[in-house]
Amino acid sequence: MYVAVKGGERAINNAHRLLAEKRRGNTETPEIETDQIEQQLSLSVARVMSEGSLFDRDLAALAIKQARGDLIEAIFLIRAYRTTLPRFAFSKPIETGKMDIERRISATFKDLPGGQILGPTFDYTHRLLDFTLMANGQTPPEAAQGDQPVDDTMPRVLDDLLNYEGLIQDEPASADNDDAPVADLTREPVSFPAGRDLRLQNLARGDEGFILSMGYSTQRGYANSHAFVGEIRYGKVAVEIEPEELGFAIDIGDIDITECETVNKFKGSKIKPPQFTRGYGLVFGQSERKAISMALVDRAMRAREMGEQIMGPAQDEEFIMEHSDNVQATGFVEHIKLPHYVDFQGELELVRRMRKEIEARAQSTPETKAAE
Amino acid sequence: MENTQTSQNTETGAAYNFAYLDEQTKRMIRRALLKAVAIPGYQVPFAGREMPMPYGWGTGGVQVTAAVIGPDDTLKVIDQGADDTTNAVSIRQFFAKTAGVATTEKTAEASIIQTRHRIPEKPLRDDQILVYQVPIPEPLRFLEPRETETRKMHALEEYGLMHVKLYEDISRHGHIATTYAYPVMVDGRYVMDPSPTPKFDNPKMNMMPALQLFGAGREKRIYALPPFTRVESLDFEDHPFSVQSWDDECGMCSATDSYLDEVILDDKGNRMFVCSDTDYCTERQDAGHRGPQHHDQPLGGKAAE
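Protein sequences, first through last, are from chains R and F. Counting from 1, position 106 in the first sequence corresponds to residue 106 in my numbering; the numbering is continuous, with no gaps. Counting from 1, position 221 in the second sequence corresponds to residue 1221 in my numbering; the numbering is continuous, with no gaps.
Simulated from the structure, these hints should not be mistaken for lab results. Bear in mind the structure is a predicted one, so any value in this text is a computation, not a measurement. From the three backbone atoms N, C-alpha and C, an ideal C-beta is built for every residue, glycine too. Warning: the hint list may mix true and false statements.
[Said to hold, decoys possible] Computed far set for chain F versus chain R, every beta-carbon distance over 10 angstroms: (1) 1030; (2) 1050; (3) 1087.
[Stated by the list, open to error] Chain R is faced by these chain F residues, among others (derived, beta-carbon under 10 angstroms): (4) 1017; (5) 1054; (6) 1104; (7) 1106; (8) 1108; (9) 1189; (10) 1221.
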């Protein structure tokens, strides 16, 4: 007796119960607290906030816990939550020049006004497993305090130092058009060619691995926009909004961000002396890999504006922007595990029919067959 | 429709609006829907939102349904024609939870039917809405990967590439080798992707009394067929369009006019066929129709020979 496949609902509910059990793991091990994730897996938290486009450390930690540490799944949870939030106001542009600096380095100058502030970094560590962490070893000694405070307004390498000599291309100062609308791909459909604001938003939300690989490709000849890290800075900046009825700005809190500005291959023309060009990266939390990659790809995507020949995918804004989003990508890639039997039935039917026809033709013309 | 009250459900109700999306978003989607209805077959870009289910799993259809559903609606969700497939269950539960609406498995009782890959066998009425989940809304996508190009081609009604493709199929295989997502011409103007429904369902779209809405979430496109719109499957005079047919009947209800799924019974090549539309099949069985594999038939339980 045949009974059509039924009972999907109960099976799904049971699968979800099993998932919850697996998430918890062995109950003899203490359950991980979201505070612990927020504090001790802070770089995961930063990635989830950046690609989830929502600055909320607690929610990011919760998402990581719920997703069993799968960061793309966590980003997905955050995006699905974010989409339901109403917009109360638009902030004023953040002033990264006034950042409360934790780290600031330049690769283009050995020393510079404000100095090289290393801050917390994996750079220069030896990647040797530290087994004392596994043994739940010692609390690390407190980091030493410098004897001089960091400058309150750390000059920006590109705008304040290079531009002083006119060596780098001008960016239209945002101060002139604070009120100009800024694109938002979560609220408006994307159309091409896309403006740089939209491209940067896409890159900021884009998958770290994808942006990394695309940035990397520009260094290997698939674009020609050789870059130096003019500056990376990481620290806290204030977010301000200016409610219309108030007429002045109020500080609604601090966010920590990483900003990267690259100095790229110069360009000149008959009327313009040669000048360096720029790439820009900005992400939540400390993520220099993402910020640098973003700046590389931003610069590569300016090929059209710079009149450069398109020779690699990183320069192709449509290719980059349509494939950078890991929530979109993972959804569509994984959807092929959903049932497709109706479509497959159509294919089965056609292939059988075509085979039958070929067979019939072969039988009806025996002499040509013999001649072969 | 008045959707301003919040969901009554106690678990998630407090945190989310009726049918999940906020009212501004629904208004934006309804505007896109109105435009889509006004220009049948034209793909209207819309600011698709991130949904709590993955892209490619019906987010477009879910957003369209969320924008048109009201508290008095009765929702049916099918995937591959069946109400009981995993994704259909998940979407039905989603609306039951976030909108608290009535749900049904009966085609005739539903006011909104969200579907993936099928059109119900039972003809739809003018008081029903059929919402399709669409993965790739652009019928020309696999001929031209660039959106900038395909939009231009639609604007100029430049569909030569599609006809060449169909012609090449015929010269190579003797058939148009497209069995699902078979392109259609809407009201003599726009070539449209009917979503990956089998071409068996294409004729049902033509002059359908129900409103047909298509949502593509990842690609952020909405399109529509207003009631009684002309929908023709592309073909050639000497190679007219035809739909799939089976030599078999449904093993459960003996239908010969419905789309049949193949069921493998053992590893010796035995198989049977059964209606992909579960409601259609159940209704026929309730009316006394019996196929050879039905359990109250003399040979019921035996594999088809």
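Consistency of the hints with the structure:
no. : hint : verdict
1   : 1030 : holds (15 angstroms)
2   : 1050 : violated (4 angstroms)
3   : 1087 : violated (6 angstroms)
4   : 1017 : holds (7 angstroms)
5   : 1054 : holds (3 angstroms)
6   : 1104 : violated (15 angstroms)
7   : 1106 : violated (16 angstroms)
8   : 1108 : violated (20 angstroms)
9   : 1189 : violated (22 angstroms)
10  : 1221 : holds (8 angstroms)
Hint check: violations occur at hints 2, 3, 6, 7, 8 and 9; the rest are consistent with the structure.
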